[in-house]
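Asker: One letter stands for each residue in the lines below.
Protein chains: 2
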Amino acid sequence: MNLCTSPLLTDLYQLTMLRAYQVHGMHETAVFELFVRRLPAVRNFLVAAGLEQALSYLERLRFSDEELSWVRADKRFGPEFADYLGQLRFTGDVYAMPEGRVFFADEPVLRVVAPLPEAQLVETRLINLIQFESMVASKAARSVLVAPDKLLVDFGLRRAHGAEAGLLAARAAYVAGFAGTATVLAGPAFGIPLYGTMAHSFVQAHADEIDAFAHFTDVYPDGATLLIDTYDTERAARRIVDLARSLASRKIEIGSVRLDSGDLGALAKSVRSIFDAAGLSAIRIFASGNLDEYRIAELLRAGAPIDGFGVGTSLVTSADAPTLDAVYKLQEYAGRPRRKRSAGKATWPGRKQVFRRYGRDGRMLNDVIALEADAQGGEPLLVPVMEQGRRSAPAESLGVIRKRTAGELERLPEALRALDPATVPYGVHVADSLRKLADEVDAKVASVPALCR
Amino acid sequence: MNLCTSPLLTDLYQLTMLRAYQVHGMHETAVFELFVRRLPAVRNFLVAAGLEQALSYLERLRFSDEELSWVRADKRFGPEFADYLGQLRFTGDVYAMPEGRVFFADEPVLRVVAPLPEAQLVETRLINLIQFESMVASKAARSVLVAPDKLLVDFGLRRAHGAEAGLLAARAAYVAGFAGTATVLAGPAFGIPLYGTMAHSFVQAHADEIDAFAHFTDVYPDGATLLIDTYDTERAARRIVDLARSLASRKIEIGSVRLDSGDLGALAKSVRSIFDAAGLSAIRIFASGNLDEYRIAELLRAGAPIDGFGVGTSLVTSADAPTLDAVYKLQEYAGRPRRKRSAGKATWPGRKQVFRRYGRDGRMLNDVIALEADAQGGEPLLVPVMEQGRRSAPAESLGVIRKRTAGELERLPEALRALDPATVPYGVHVADSLRKLADEVDAKVASVPALCR
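Going down the list, the protein sequences come from chains A and B. Under the numbering used here, think of the first position of the first sequence as 1, with each following residue one higher. Under the numbering used here, think of the first position of the second sequence as 1001, with each following residue one higher.
A couple of the hints might just be wrong.
Claimed, not checked - Think about it this way: if two alpha-carbon atoms lie no more than 25 Å apart in a straight line, the pair counts; the simulated DSS-like pairs of lysine-lysine are:
hint : chain 1 : residue 1 : chain 2 : residue 2
1    : A       : Lys345    : A       : Lys251
2    : A       : Lys269    : B       : Lys1436
3    : B       : Lys1436   : B       : Lys1345
4    : A       : Lys345    : B       : Lys1251
5    : B       : Lys1150   : B       : Lys1403
6    : A       : Lys436    : A       : Lys345
7    : B       : Lys1345   : B       : Lys1150
8    : A       : Lys150    : A       : Lys444
9    : B       : Lys1251   : B       : Lys1345
10   : A       : Lys150    : A       : Lys345
11   : A       : Lys251    : B       : Lys1403
12   : A       : Lys75     : B       : Lys1436
Because the hints were derived from the structure by calculation, they are not lab data.
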């Protein structure tokens, strides 16, 4: 069983419901929408990401023989249901906001229109993929806004929540505007640029750190990055001045140094002075170590001469908001609009579209959530991405998506670009047509008589 | 490339260092230890988990042809290095705390003794696996302590950080004492018991919720769980009383109901009364919806008659502490102890053991971290688990590990079992032998002359 594509990577209730749908012949068209119920207090906006993985999952959806054997042998299910699952494919239509789009609470980022069992089964994995990548892209965008001209690199794999989180965090950060990642697999998997330096263990494995530096530059003569904080950062910087001179005669260049501990701002200044005084102004300074967008902003405000940042744990876990309240809700079944009314969790019924309006300055002004059929002024954000189980267009390149994100960040209202929560949140309005439909649906549910069976 | 076993699921610097080690013939024995630098403020102890996945990764470590092709074509590396990697296997020894053990800051939970390149390459994935599962097991243990007699089920897959996080969170929660998970794949993958109910969409897809309940109990006559909060929880409970009576004549039993919104404590009480008054005291009440150990404790303190809890997002993301400060540090190379002295990140050199002392009441008293050779009183926690790349013993069953965790939780000092931070943290002492070695290592590093090259 392939962990990432297995249809068994779902909640048990999806399968138990499917069996009940199968037994009772409920396979008419369902409409589900995926949205985030509310923004984390520490996010002014979200960036959509993960659609490519979601579509790839839907395209490949099928139960392998091994998976079917498990279903067949499980007492909850049995052979007939296994046979049914063996035939199951995703044959529906999907509408979505393209990756890189900025979005807000309550706005559908994805709509699935498919026979009920198909649309139901995929709920868990669709949320799992889109909430994670969107969460990391939204976190990463904050660092990009704070340090637009710096080299930002994802260093998070080791503290990511497992393998897929590490790999997809690299992708989401790149989508948001990071320059690249240290996660090697993101190179062959996505073509994302890779960055790497050396670890403390490399320095420690040598009798003297200068031997470690010399060994490393021998092998990587064109701009290696040397880690200089293992013992004494300033002393190491001074020794690198000597090393750089002797290397220059052999046409070996040191590209940059990395600081990973201590007072990064103060150390960057003193290392910069040491290098500049020695005519080594081409050596860049790269910083890492418990960094996030707040710390980067602080360092830059203080004038720290740092050229790039490795951002790890806080990025890939979105540490200050490690989850988005993403849900996937039935909005229509067999042509009838549906609405959940659970306390504090009510949803808007029907097939919806998000219309975005822009001001004269080109910045986003506000959004309207309306029924799809009730065209409002503004740019509709959801577009068809899959028809009858097949992609409407080839997968977008990451380059295209990155450009889209950059454009979106430029068009964000100024207050939303700040790290602090905006005092006035972005306006997301609900169209009258939608309110009216919700009232109608409520009226119908209330009038259903209590049947005695 | 298999996402979870690929040796390219590592940081780029591991490969660049490996190439430098290869070029310079540095392949003597290295000793690395994996430990957590400090406990999150909201954790009084941690539970070790993930060792099984770590050992499985080490056992299978090899580069596939596809991976080698990528290395060969990458300008940083080239054909000679690819050939070298093609031969690479993990041939080292591993010592570890068995899964389910309670551990604290600075205590090594895993030690790798292997040729430097092998020990280095695996750093990223070892941390990635062990920090994640230990983090979730530690979080889950808190719910287990709070609600030892309740049915606790992992509901987190949809908000877990990707596929592997969802699957391994189910395992880690089960290790910690949860009864099971909703994640189907955890059944075939690990034999973990599966639990599931129905979703709101199932109720909504029917014209009336009572039809949904009847359809579901038809298919699952032996104790189904019905979700009763889609429209009006108390009304649904009253309608279930009627339904249960008509079902009883057909020998169909309703097992339990699930509450997923609103004031769970008040609703549980009123639903319990409705059922009890109708002689349906066998129907159990299951609760879910943004639960964590704090909320569960609060509900139980208030006397909410809830029999089980589905815990999702907060569990699988360890939302209040979404990362452990886990590191993997070189402690010895070629027989010489090593120590990192970076500001705020210094480590203890040498091969270490953790010795645990117990009081007369059988509870844990304190731990001593000492050099392995410096046997202290108490129980040594690290045991050999892999010799020359092969497991020392077959994989432990999850049943054995669960029992170990339960024993550990029983032996925790009372103050550590509370949700609030213990006013006096658990005592972890550093043996004199270790302090002495650290001083010796420091003295040697300080005396290294600054070479001019």
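Asker: Each hint needs a verdict: does it hold in this structure or not?
Answerer: Here's how the hints hold up against the structure:
Taken as a hint, the A/Lys345 and A/Lys251 pair is broken in the structure, with Cα atoms around 65 Å apart against an allowance of 25 Å. The hinted pair formed by A/Lys269 and B/Lys1436 fails the criterion: a straight-line CA distance of about 35 Å is larger than 25 Å. A distance of roughly 18 Å separates the Cα atoms of B/Lys1436 and B/Lys1345; the hinted pair therefore holds under the 25 Å criterion. Taking the CA atoms of A/Lys345 and B/Lys1251, the gap is near 35 Å; set against the 25 Å cutoff, the hint is violated.
This hinted pair checks out: B/Lys1150 and B/Lys1403 have alpha carbons roughly 17 Å apart, not beyond 25 Å. For the proposed pair A/Lys436 and A/Lys345, the alpha carbon gap of about 18 Å is at most 25 Å, so the pair holds. For the hint pairing B/Lys1345 with B/Lys1150, the CA-to-CA distance comes to about 41 Å; that exceeds 25 Å, so the pair is violated. At roughly 57 Å between alpha-carbon atoms, A/Lys150 and A/Lys444 are farther apart than 25 Å, so this suggested pair is violated.
For the hint linking B/Lys1251 to B/Lys1345, the alpha-carbon distance of about 65 Å lies beyond 25 Å, and the restraint is violated. Note on A/Lys150 and A/Lys345: the hinted pairing is violated, with a Cα-Cα distance of about 41 Å set against a maximum of 25 Å. With a C-alpha separation of about 62 Å, the suggested pairing of A/Lys251 with B/Lys1403 is violated against the 25 Å cut-off. A threshold of 25 Å between alpha carbons decides the hint, and for A/Lys75 with B/Lys1436 the separation of about 62 Å lies outside it, so the pair is violated.
Hint compliance for this structure: hints 1, 2, 4, 7, 8, 9, 10, 11 and 12 are broken, all remaining hints hold.
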